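The task is simple: from the sequences and hints, build the whole structure.
Residue numbers (my numbering), protein chains in the order written: chain A, 1 to 422; chain B, 1 to 234.
The hints are all genuine.
Derived DSSO-like pairs: lysine-lysine, alpha-carbon spacing no greater than 30 Å straight-line:
id, chain 1, residue 1, chain 2, residue 2
1, A, 123, A, 49
2, A, 361, B, 45
3, A, 331, B, 59
4, A, 301, A, 331
5, A, 361, B, 56
Read the hints as simulated data drawn from the structure, not as lab findings. Predicted, not measured: the structure shown is a model, and the values here were computed from it.
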Amino acid sequence: MAEETLLTDDFLRQLINVGEVDIVVGLPTHNNAKTIDPVIRAIQAGILKCFPRERVVIINADGGSQDGTPERVTGASIDDVWNVSKVYALRTLHSISTRYARTPEPGTALRTILAAADLLRAKACVLVSPDSTTIEPDWLQRLARPVYNDNFDMVSPSYHRQTSEGVLMRNLLYPMTRAIYGHRIREPYASEFAVSGRLATDFLAKETWNEDWGRVGAEICLTITAITGNYRTSQCFLGAKTHPDRSGSDLVATIRRTVGALFASLDSNFPLWSTITDSQPVPTLGTQSEVTLEPVRVNRKRLREMFATGVAELEPIFRSILSESTLSELKRIAGLDVSDFNYPADVWAKTVFEFAASYHKSVISRDHIVQALVPLYRGRALTFLLENREGSEEDVDRSVESLCGEFERLKPYLLEVWADRK
Amino acid sequence: MREIIINELTQASHDLARGFAHYLPRLIVMLIIAFVGWVIAYLLKVLVRSILRLTKFSKLSENSGATQLLKQAALPSSTELLSRFVFWVAWVGFILMGVSVLGIVGLQEYTSRFFLFLPRMFVSLVILFFGLLAASFFSRAVLLAAVNANLRSSRLLSISIRVIISIFALSMVFEVLGVAEQTMLIAFAIAFGAVMLGLAIAFGIGGKDLAREFLERRLVTGKREEKEDELSPL
Numbered sequence: 001m002a003e004e005t006l007l008t009d010d011f012l013r014q015l016i017n018v019g020e021v022d023i024v025v026g027l028p029t030h031n032n033a034k035t036i037d038p039v040i041r042a043i044q045a046g047i048l049k050c051f052p053r054e055r056v057v058i059i060n061a062d063g064g065s066q067d068g069t070p071e072r073v074t075g076a077s078i079d080d081v082w083n084v085s086k087v088y089a090l091r092t093l094h095s096i097s098t099r100y101a102r103t104p105e106p107g108t109a110l111r112t113i114l115a116a117a118d119l120l121r122a123k124a125c126v127l128v129s130p131d132s133t134t135i136e137p138d139w140l141q142r143l144a145r146p147v148y149n150d151n152f153d154m155v156s157p158s159y160h161r162q163t164s165e166g167v168l169m170r171n172l173l174y175p176m177t178r179a180i181y182g183h184r185i186r187e188p189y190a191s192e193f194a195v196s197g198r199l200a201t202d203f204l205a206k207e208t209w210n211e212d213w214g215r216v217g218a219e220i221c222l223t224i225t226a227i228t229g230n231y232r233t234s235q236c237f238l239g240a241k242t243h244p245d246r247s248g249s250d251l252v253a254t255i256r257r258t259v260g261a262l263f264a265s266l267d268s269n270f271p272l273w274s275t276i277t278d279s280q281p282v283p284t285l286g287t288q289s290e291v292t293l294e295p296v297r298v299n300r301k302r303l304r305e306m307f308a309t310g311v312a313e314l315e316p317i318f319r320s321i322l323s324e325s326t327l328s329e330l331k332r333i334a335g336l337d338v339s340d341f342n343y344p345a346d347v348w349a350k351t352v353f354e355f356a357a358s359y360h361k362s363v364i365s366r367d368h369i370v371q372a373l374v375p376l377y378r379g380r381a382l383t384f385l386l387e388n389r390e391g392s393e394e395d396v397d398r399s400v401e402s403l404c405g406e407f408e409r410l411k412p413y414l415l416e417v418w419a420d421r422k
Numbered sequence: 001m002r003e004i005i006i007n008e009l010t011q012a013s014h015d016l017a018r019g020f021a022h023y024l025p026r027l028i029v030m031l032i033i034a035f036v037g038w039v040i041a042y043l044l045k046v047l048v049r050s051i052l053r054l055t056k057f058s059k060l061s062e063n064s065g066a067t068q069l070l071k072q073a074a075l076p077s078s079t080e081l082l083s084r085f086v087f088w089v090a091w092v093g094f095i096l097m098g099v100s101v102l103g104i105v106g107l108q109e110y111t112s113r114f115f116l117f118l119p120r121m122f123v124s125l126v127i128l129f130f131g132l133l134a135a136s137f138f139s140r141a142v143l144l145a146a147v148n149a150n151l152r153s154s155r156l157l158s159i160s161i162r163v164i165i166s167i168f169a170l171s172m173v174f175e176v177l178g179v180a181e182q183t184m185l186i187a188f189a190i191a192f193g194a195v196m197l198g199l200a201i202a203f204g205i206g207g208k209d210l211a212r213e214f215l216e217r218r219l220v221t222g223k224r225e226e227k228e229d230e231l232s233p234l
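Here it is, written out as structure tokens:
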């Protein structure tokens with residue numbers, strides 16, 4: 001069994017001490033000491049408030065933190081939360097930690113947590129991001145309750161976001177997953193979600209762990225597994241989502257583990273997705289409340305320059321990936337000023353589909369194909385920002401909906417280039 | 001006098017006829033070997049071409065940049081070129097085997113040299129191919145990394161990597177072939193040293209401001225770069 005080699009003896013000993021549980025709350029961490037305390041407090045408060053009778057364990061899978069993050073997780077006292085909430089748990093709340101590697105590997109962290117949930121026979125496993133500064137105790141209930149009580153297999157989140165937040169999610173991951181797999185899951189790559197014990201066990205047994213993309217993009221693979229395996233999926237509104245660190249330095253890595261994994265999933269699932277012609281809504285639980293977010297400044301001129309430079313410098317690479325018409329359209333867009341800049345939805349959808357087909361055919365190294373998408377994503381992000389500069393949340397939603405419509409409309413084009421591209 | 005001339009002529013014609021009778025069967029054997037060799041070489045060519053097509057060698061060749069080089073030189077595709085190469089090497093090998101049957105003194109040495117040269121030629125071709133493949137892969141990787149990191153002169157960096165690896169592969173090829181080993185080694189050392197020195201000077205002059213900024217950011221506390229927020233992809 002894979003889990004036997006994945007889980008260390010010490011971690012197994014801790015799990016045996018805990019015994020069977022109802023709910024596992026997983027916390028994958030790496031140097032999150034600055035943000036982990038409020039997250040832990042919110043989780044503990046959520047457990048006291050919503051699951052006082054259930055057997056719950058907090059499992060921290062750490063990727064080699066040097067700032068004492070695991071110690072903060074295991075040492076967090078529940079006394080403060082008791083004093084504030086005046087609610088007492090009827091069970092002992094365990095917090096255990098394991099170091100799965102010396103460097104962070106999100107896929108291995110997820111696998112460790114799911115393997116622990118599988119061993120502890122948990123009915124529900126909730127994953128929480130350690131840098132969710134906006135987390136509230138209710139999040140735990142909203143994520144876990146549908147799985148624990150209503151037999152859903154996966155609950156993915158839905159957030160209120162700034163226009164500059166979740167740009168890749170709203171411009172590529174959501175529209176493409178929706179067009180390909182026919183499920184309107186708004187956050188196919190989520191940092192907070194809940195899965196059933198059944199889905200966790202089945203996902204652990206999947207062959208995807210043997211593939212690079214399966215290990216790197218495990219979160220999106222889990223969503224795709226839930227969709228393609230006909231598991232009961234739903235989503236819930238959590239609130240505002242902001243990232244404390246908006247550094248763009250990890251953009252390439254982010255695109256690799258999300259877009260790369262999504263492209264790779266198309267190969268094995270072709271018989272399934274090629275027959276899907278439209279998309280179905282996913283049950284959304286909970287009500288959306290108004291959230292006020294601070295506006296964020298983004299350097300639009302720099303985005304345009306990076307897009308234009310990318311188109312010019314990577315032209316020889318784009319010639320092997322894109323069709324002549326798409327490439328000439330990109331060159332035209334690269335010549336536009338910021339004020340007139342527009343990377344239209346249909347051209348963007350065609351670009352992404354041509355990249356996916358080239359990835360399938362491995363016209364050049366697959367990793368290089370994914371990396372070549374980065375400057376083009378910047379161009380699309382700029383258009384998204386310009387289009388929604390003055391727009392409300394509803395306007396942004398309409399814009400995303402329109403983009404999703406383009407992706408769905410152009411799906412036959414994907415099938416065409418999928419078959420034709422030599 | 002007349003009789004002597006006639007006798008000599010008769011003797012010479014007899015010798016010629018004897019010699020011809022002696023060589024004729026060998027010549028026929030040589031022609032048969034050459035013909036059989038042509039058939040085998042042709043079959044080998046077809047076989048190699050099929051294998052290369054099945055293994056999608058042309059894609060590998062395209063990735064290595066060899067296809068573009070061949071196109072620029074108005075040569076056939078890499079699959080066709082390699083299968084033709086196998087044909088000619090096999091046929092020339094059979095012809096030389098046939099020639100050796102003739103027993104011409106001196107030719108046998110050249111024949112054996114040819115067969116000894118074949119493995120080196122094959123190894124050098126393999127080195128050249130994988131050298132071009134590595135040059136293309138790494139230059140593309142550098143180009144992508146440089147563009148995504150918003151570095152200036154990313155294409156220059158990429159071309160430099162391609163040239164350095166190609167020169168390195170070529171020098172190895174010449175060394176394996178034994179062609180002007182010393183000259184190639186010295187030429188490579190000079191070229192490599194010149195490129196490195198050029199790059200060092202270029203980076204030193206061009207990047208001094210960047211280096212100062214970097215060091216200031218790292219070492220001088222309190223001076224933080226005013227930077228606008230980036231987009232958050234997820």
